[in-house]
Every structure is written in structure tokens, then in C-alpha cells.
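Model the full structure from these sequences, guided by the hints.
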Amino acid sequence: MDRSDMTLISRGGSMSTLGDLASRRNNNFNLIRMLAATAVLISHGYPLALGHDAVEPLSDWLGLSLGDVAVITFFCVSGFFISLSRDRADSTMDFLTARFLRIYPGLTLVLLLSVFLIGPMFTTLSASEYFRSGETYGYATHNLTLLSMKFHLPGVFENNPWPGINGSLWTLFYEVAFYMLVSALGASAFYSEGRKFAGFLMFYAALYVAFKALILNNALFNDFYGVESFFTWSLPFVLGMSFYRYRQHIQHRLIGFLPFAVLAVCTWRTPYFFECFVLVWTYLIFYLGFATHPTIDRYNQLGDYSYGAYIYGFPIQEILADLFKGIGPLSMMLLAFPLVILAAIFSWHFIERPAMARRRELAWFLSSCLDTVKTLWPKAGKGSAR
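Following the UniProt record's numbering, the numbering of the sequence shown begins with 1 at its first residue and continues without gaps.
Calculated directly from the structure, the hints in this document are not laboratory data. Even glycine gets a Cβ: it sits at the ideal position worked out from N, Cα and C. Take the hints with a grain of salt, since some may be wrong.
Stated by the list, open to error - Within a straight-line C-alpha distance of at most 16 Å, the following computed EDC-like cross-link-like pairs (lysine to aspartate or glutamate) qualify:
hint, residue 1, residue 2
1, Lys212, Glu228
2, Lys325, Glu158
3, Lys212, Glu275
4, Lys150, Glu135
As the list claims (entries may be wrong) - Cβ pair distances, simulated, as ranges:
hint, residue 1, residue 2, range
5, Trp170, Thr295, 31 to 37 Å
6, Trp268, Gly51, 26 to 32 Å
7, Ser148, Thr270, 43 to 49 Å
This is the structure we're talking about:
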């Protein structure tokens with residue numbers, strides 16, 4: 001085996017840019033997303049097994065949970081590839097249709113399974129009480145809107161250390177909100193015109209700094225209407241967008257990671273550590289994501305199981321907590337992992353991928369409907385004017 005088979009190497013050489021590497025299909029991001037979904041599973045194992053006050057070891061040391069790091073990973077990768085998707089889309093309708101089909105088929109199924117299968121099996125209520133409750137159906141309808149997420153079904157897992165049915169879904173609101181941001185920027189040529197994108201970044205940075213200052217100096221402002229949460233999770237996404245916009249200027253070199261790492265170390269345990277950590281982590285993720293190795297490349301042949309693992313992990317862990325009272329975090333993780341993988345494989349091959357394969361047909365249909373409405377609307381207006 002020669003040296004290139006033993007080490008991670010950059011396709012195109014050490015001086016390749018992210019733009020050079022992004023144009024090729026082979027990368028490690030399916031694997032990175034799957035590792036992030038696994039990190040969420042591990043992170044949730046502590047509170048789901050031990051209760052709200054349980055703290056995983058990483059939180060004490062880093063100030064961020066393993067789950068936080070995983071979400072940062074998801075959002076920075078998403079910022080890059082959603083921007084790429086918008087750039088390559090034939091139209092805004094094509095882009096939005098693809099994004100809808102990436103999120104909603106899988107989400108709809110997990111909500112239906114939660115309401116009509118898991119709920120009746122694990123509720124403390126009788127079947128008639130459970131199905132008569134407005135909260136039962138409200139769980140699915142509220143969560144499909146993503147605007148006012150619900151995390152409980154009547155009587156379901158209420159005696160578990162952490163009662164709830166699926167606490168992972170909260171990130172989907174932000175994901176879809178960021179899709180809308182990318183769609184708007186793409187439609188306004190922000191990606192193709194450097195000055196526009198630079199202006200957007202300056203505007204975003206000014207808002208971020210202003211809200212950060214308010215948060216640091218006024219505790220009453222914390223998470224006012226969710227603003228703090230929005231800016232917290234938008235940062236890795238906007239960094240991912242920026243890495244995409246300036247991909248031709250960012251070298252794929254590990255040494256570029258070092259200045260950011262030094263900055264993160266210097267700000268450790270200060271109010272500014274989060275921003276520095278997100279910056280260094282984002283750079284590292286894109287370095288590793290575009291590195292390659294023949295063995296790792298084979299993972300891409302399997303599929304993108306990360307979304308299914310993410311949305312099914314929490315309810316599966318809650319089921320284990322209910323069935324095995326007193327189960328510890330490690331045991332829960334070991335039992336949950338193969339079950340989550342099976343659910344993720346099913347979700348990808350039978351729900352997610354088939355749905356996405358229909359995106360062009362659905363986009364054409366929706367565009368045709370929209371064109372018809374535009375054609376008829378003036379006529380309807382003239383008719384009513386008479």
C-alpha cells in the first residue's frame with residue numbers, strides 16, 4: 001500500500017481551493033453528517049437516561065455539549081451546500097421544491113408514527129382518552145408548520161427521566177428559515193455579485209454584534225422572541241454560506257486552521273469563545289470534508305442516513321428509557337444505535353430518496369399552477385371590476 005492510501009489527501013493537491021473540490025462529487029460530508037447525528041444520540045443519552053440535570057462530560061470542559069457541536073456541524077455544512085444547491089437550481093421554485101422534499105416527507109412520517117404508533121403504545125392514558133385529546137393531533141399539525149413546535153404527546157413517556165416524544169425537531173425551524181434566507185439572496189443575485197454578498201455579511205455582522213452586546217449587558221433581553229437563539233444558530237450557517245461564496249479563495253490546507261485554533265484557545269471561558277469556536281470548527285469541518293481516502297469514499301455509496309438518524313434517535317431513546325427503567329447513558333446509546341441505523345436506512349431508501357427523485361416533476365407542476373394563476377388573476381380582476 002503506498003503512502004496515498006494511508007493518509008487523507010486532498011484531491012487536486014494541497015493547493016486546491018474549496019471551489020476546486022466542491023465541483024467533484026466525492027467528499028466526506030455524508031459521513032460527517034452521520035457522525036454529527038451520532039453525536040446528538042450520545043449527547044441526548046445523558047438527559048434521557050438520567051434527567052434534566054444530567055450534564056455530559058464535554059459540557060463542563062468546553063461550555064458546549066456534544067449535541068451543540070453536532071448542530072454547529074449540521075448548520076455550517078448546510079450553509080455551504082444549500083448555497084450550492086441554490087446556485088445550481090434552474091429557478092427559485094426548483095430550489096424550494098427540493099428543500100421541501102428534503103425535509104417534509106421524512107418529518108411527516110416520523111410525526112405520524114409518533115402520534116398513531118408510539119403514542120398509543122406508551123401513553124398512560126386509555127386509548128379513547130388519548131385519541132380524544134386535541135393535543136394528540138395538535139402535535140402533528142403544529143410541528144408540520146415548524147413555527148410553534150410541540151414536544152409532548154398526552155401521557156406519553158411522562159414517567160421517563162426526561163418526558164417528551166422528540167426533542168430533536170427544534171432545529172428544523174432554523175433550517176427552513178435559513179433556506180428562505182438563501183432563496184432570497186439567490187433570487188437577488190447576492191451570490192453572483194460580490195459587493196452585494198459583502199454588504200449582506202457586513203449587515204449581518206453589525207446585527208450580530210449589536211445583539212451580542214445587548215445580551216451581554218442586559219439579562220432581560222436574553223432570547224427575546226427567540227432572537228438570541230436565531231443569531232446563535234445562524235452564525236455557523238452564515239459561515240458555511242461565506243465559505244461557499246469565497247470558495248475559490250479558500251485554500252484546502254490544514255495550516256489555515258491554526259490561526260483560528262489559537263484564537264479559540266485564547267478566548268476559552270470568555271463570552272466570545274462560542275464565535276471563535278464556530279469559526280475554527282467550520283474551517284476544520286470543510287478541511288476534513290474535502291479530504292479523501294479510498295476507504296472513506298466508499299461510505300458515499302450507502303446514502304445520506306443522517307437526517308433519518310437525527311429525527312428517529314430521540315423517540316427510540318425514549319422508548320428504551322420507558323422499557324428499561326434505570327438504564328444508563330452508555331447502555332442506552334449502545335442499544336439505540338443499531339435501531340436508529342435501521343430506522344435511518346428505511347427512511348432514506350423508502351421515503352427521503354424516492355421523494356427527492358420527484359423534485360423536478362413537482363417543481364414543474366407547481367410552476368405550471370403558478371403560471372395558470374398569474375394568467376387567470378388579471379382576468380378575474382377585470383371580471384370583478386365590471
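Name the hints, by number, that the structure is in violation of.
7
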